[in-house]
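Visitor: Sequence:
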Amino acid sequence: MNPPVLFNIHSLERELHEHWAAQLPPEASVLVRCALKDSHLMVLAEHPISLKPDLAETFQALKEITLALAPKSIAELRIYLRFIGQKQPYAHHTFRNPQPLGVGALPPELAWLSLPQEEHVEEADNWSSAPAESIPVLPGAGNTSNSKWGWHWPVGGDGGSSLLANHWHSLTADWAQKKPKFSWNPRLAVYILPAFVMAALVMWVLKSPCTIGKCDPIASATRLNASATRTIGSAQYPQQLLSAKQELDTAVKELKTVPFWSKYASDASSMRRSYEKEAEYVSLVLQAMDLGWQAAANGKNPPLAIAGWEEIQSTWTKATTILRTIPAEATIYPFAQQKLQQYRGNLMGINRRLDMEAAATKHMEEAKSLARVAAARAGATGSISGWEEVQLQWQQALNLLALVPSQSIAAREALQLRQDYRTQLTAATERKIQEELAADHFQEAVSWAQEAEAAAMQNQWKKAQDAWREAINYAKKVPASTFYYPKAQSDIKTYTKSLTQAQAELKIALKLQAAGNSLKKVCSGSPKVCAYTLSKDAISVWLTPEYVRKVRSTAIVASTNGNYKALVGVESHVQILRQALETISNNAGIPLVLYDHYGAPIGRHSPS
Numbered sequence: 386m387n388p389p390v391l392f393n394i395h396s397l398e399r400e401l402h403e404h405w406a407a408q409l410p411p412e413a414s415v416l417v418r419c420a421l422k423d424s425h426l427m428v429l430a431e432h433p434i435s436l437k438p439d440l441a442e443t444f445q446a447l448k449e450i451t452l453a454l455a456p457k458s459i460a461e462l463r464i465y466l467r468f469i470g471q472k473q474p475y476a477h478h479t480f481r482n483p484q485p486l487g488v489g490a491l492p493p494e495l496a497w498l499s500l501p502q503e504e505h506v507e508e509a510d511n512w513s514s515a516p517a518e519s520i521p522v523l524p525g526a527g528n529t530s531n532s533k534w535g536w537h538w539p540v541g542g543d544g545g546s547s548l549l550a551n552h553w554h555s556l557t558a559d560w561a562q563k564k565p566k567f568s569w570n571p572r573l574a575v576y577i578l579p580a581f582v583m584a585a586l587v588m589w590v591l592k593s594p595c596t597i598g599k600c601d602p603i604a605s606a607t608r609l610n611a612s613a614t615r616t617i618g619s620a621q622y623p624q625q626l627l628s629a630k631q632e633l634d635t636a637v638k639e640l641k642t643v644p645f646w647s648k649y650a651s652d653a654s655s656m657r658r659s660y661e662k663e664a665e666y667v668s669l670v671l672q673a674m675d676l677g678w679q680a681a682a683n684g685k686n687p688p689l690a691i692a693g694w695e696e697i698q699s700t701w702t703k704a705t706t707i708l709r710t711i712p713a714e715a716t717i718y719p720f721a722q723q724k725l726q727q728y729r730g731n732l733m734g735i736n737r738r739l740d741m742e743a744a745a746t747k748h749m750e751e752a753k754s755l756a757r758v759a760a761a762r763a764g765a766t767g768s769i770s771g772w773e774e775v776q777l778q779w780q781q782a783l784n785l786l787a788l789v790p791s792q793s794i795a796a797r798e799a800l801q802l803r804q805d806y807r808t809q810l811t812a813a814t815e816r817k818i819q820e821e822l823a824a825d826h827f828q829e830a831v832s833w834a835q836e837a838e839a840a841a842m843q844n845q846w847k848k849a850q851d852a853w854r855e856a857i858n859y860a861k862k863v864p865a866s867t868f869y870y871p872k873a874q875s876d877i878k879t880y881t882k883s884l885t886q887a888q889a890e891l892k893i894a895l896k897l898q899a900a901g902n903s904l905k906k907v908c909s910g911s912p913k914v915c916a917y918t919l920s921k922d923a924i925s926v927w928l929t930p931e932y933v934r935k936v937r938s939t940a941i942v943a944s945t946n947g948n949y950k951a952l953v954g955v956e957s958h959v960q961i962l963r964q965a966l967e968t969i970s971n972n973a974g975i976p977l978v979l980y981d982h983y984g985a986p987i988g989r990h991s992p993s
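Quick note: the sequence shown, position 51, residue 436 per my numbering, numbers continuous.
Treat the hints as calculated values from the structure; they're not laboratory data.
From a predicted model like this one, the values you see are computed outputs, not experimental measurements.
Possibly wrong hints are sitting among the right ones.
What the hints assert, rightly or not - In the EDC-like style, the derived pairs of lysine to aspartate or glutamate whose C-alpha atoms are separated by at most 16 Å in a straight line are:
id, residue 1, residue 2
1, 848, 838
2, 817, 773
3, 685, 695
4, 638, 661
5, 685, 696
6, 862, 876
7, 861, 825
8, 847, 890
9, 882, 855
10, 448, 403
11, 906, 967
12, 872, 825
13, 817, 774
14, 861, 829
15, 747, 798
16, 753, 798
17, 862, 821
18, 599, 652
19, 872, 821
20, 662, 714
21, 648, 601
22, 638, 665
23, 448, 400
With the sequences and hints as input, model every part of the structure.
Guide: In structure tokens:
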């Protein structure tokens, strides 16, 4: 037998995986496994059933990269293609490398992987595609291990498992034939057998992992988990996530080797549960990405029937539903959220496609219905609100027609209706503009009338007079034959009467203002002569105590001193005050009452 071929088979798996995945759509999930025994190399490549790779190109690419990385001493290379989830490959390719004497046949342990005897590969670059029953059963994608094989052959199944059992029986038979002969004393069994069992049990416990000293499985699992975490953190493609999941699965298997009696058992159990969850989350994301790839592939060639879009919609929905189950504490959560946002966007695009196809007919029917209502309303309305509704309905009908996709069946009819509806919309718009103009003038008239009434409430008669005039002017601008014309004519009469009243009140207000200005001048001085109140019915004037005292003291001093000139001056001053107050009363046309500083009336005057 040739010396064993030494190289890193996991590196070969990774390189084959990345090289093949780079040639496929981003969403495609693929698996690559390798098995090596002596000089014979097996490659199993798995992909989703929805993916249809070119067989010749796939075999050629896998062969080239394998031969470039594998040692030259490889005697035979076999490549199998299988759908994920299937037990049998559907195609294979065999390449025999010229080798030195003694290299060629598969070892007995892998003989079950060879082609049936009736099948003979005559040339190195031959590949074949065959039914499942003509290809030997290969191990599943999930049965990986860290052994030198790259695959873990299940014992007790079909194919290679039975062969492994036969090989074991042959080995034990050879040992039995070669063992030395000796006589057995049954009485020794009472002492030897329990001691032997106990010794074997102790040796087995001591040799178990993590029993004495450090725990290599935990260290190895920790490294694998750290590597998987880094891979997930920088992952962009499904192949990277698949590699991370393989590392997590390997870490879980490492932790399962820690026996329950080890002091590390509790930590190992906790770590195993955590890694299993992380691996499960990665599997869910890969499942969602596979669904996303299927949906994207199915939607590459629009237009599709509604049923086709609904199927794609359902696929995207399943993918997003899976991604939403990833909890925030999962390592892969950021990646899942990124994909979730992307898939939601894709789902929204599919929903728009469905809406476009499903809504075309609905838009046409709604547009026609609105057109019928608008035509009926145009013949019966006269108000601005009515014409606004007519215009709105024609516009809505046009808007609905514009929503009909140009590639739909209803597009031609929609184009014809749009021309007719535009004509109707123009007529309704012109009438609406006329009604709006009338409404604007009418509303302006109403606003000025309200302002005039507010000014009148505050006795601002000049402002009220001007506002009533504006109200009348705007009411006269309302066009005839419009909805507001009769109302405007009625309001003009009301506004005119109010204007007349405001003008009369303004005259009174102007007189009161003039009287107030005059009273202010008369009552001012040092000391202050008087105080007053003013209304349109009466003028009341009170002499201040200071003024009265000054007049009296001046008169007393003048009388005591015999200063008749000063007495005449006092009398003249009082007379001038009385005449000024009478003049104010006469000009305002309002009666005046004069009070002394005690509040007693000392004089009255009625205007002439």
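Visitor: Checking one constraint from the list: CA of residue 662 to CA of residue 714, max 16 Å. Satisfied?
Guide: Distance ~11 Å between residue 662 and residue 714 Cα, so the pair holds.
Visitor: Given the proposed pairing of residue 882 with residue 855, does the C-alpha separation stay at or below 16 Å?
Guide: Given that 16 Å is the threshold and the Cα spacing comes to 14 Å, the pair holds.
Visitor: Going straight from one Cα to the other, do residue 448 and residue 403 come out at no more than 16 Å?
Guide: holds, 14 Å
Visitor: Decide if the proposed pair is consistent with the structure: residue 638 and residue 665, CA atoms, cutoff 16 Å inclusive.
Guide: Distance of about 14 Å is within 16 Å: holds.
Visitor: Between residue 862 and residue 821, does the CA-CA distance stay at or below 16 Å?
Guide: At roughly 13 Å apart (the allowed maximum being 16 Å), residue 821 and residue 862 satisfy the hint.
Visitor: Residue 753 and residue 798 were given as a pair; does the straight-line alpha-carbon distance stay at or below 16 Å?
Guide: holds, 11 Å
Visitor: Keeping to a limit of 16 Å between CA atoms, is the pair of residue 906 and residue 967 held or broken?
Guide: holds, 14 Å
Visitor: Does residue 798 sit within 16 Å of residue 747, going by the straight-line distance between their CA atoms?
Guide: holds, 14 Å
Visitor: Could you grab the alpha-carbon distance between residue 862 and residue 876 and see if it respects the 16 Å cut-off?
Guide: The hint holds at about 12 Å.
Visitor: Residue 638 and residue 661 were given as a pair; does the straight-line alpha-carbon distance stay at or below 16 Å?
Guide: holds, 10 Å
Visitor: Would you check the hint for residue 648 and residue 601, treating anything up to 16 Å between C-alpha atoms as holding?
Guide: holds, 13 Å
Visitor: Is the straight-line distance between the alpha-carbon of residue 817 and that of residue 774 16 Å or less?
Guide: Cα-Cα ~9 Å, so holds.
The structure shown violates none of the earlier numbered hints.
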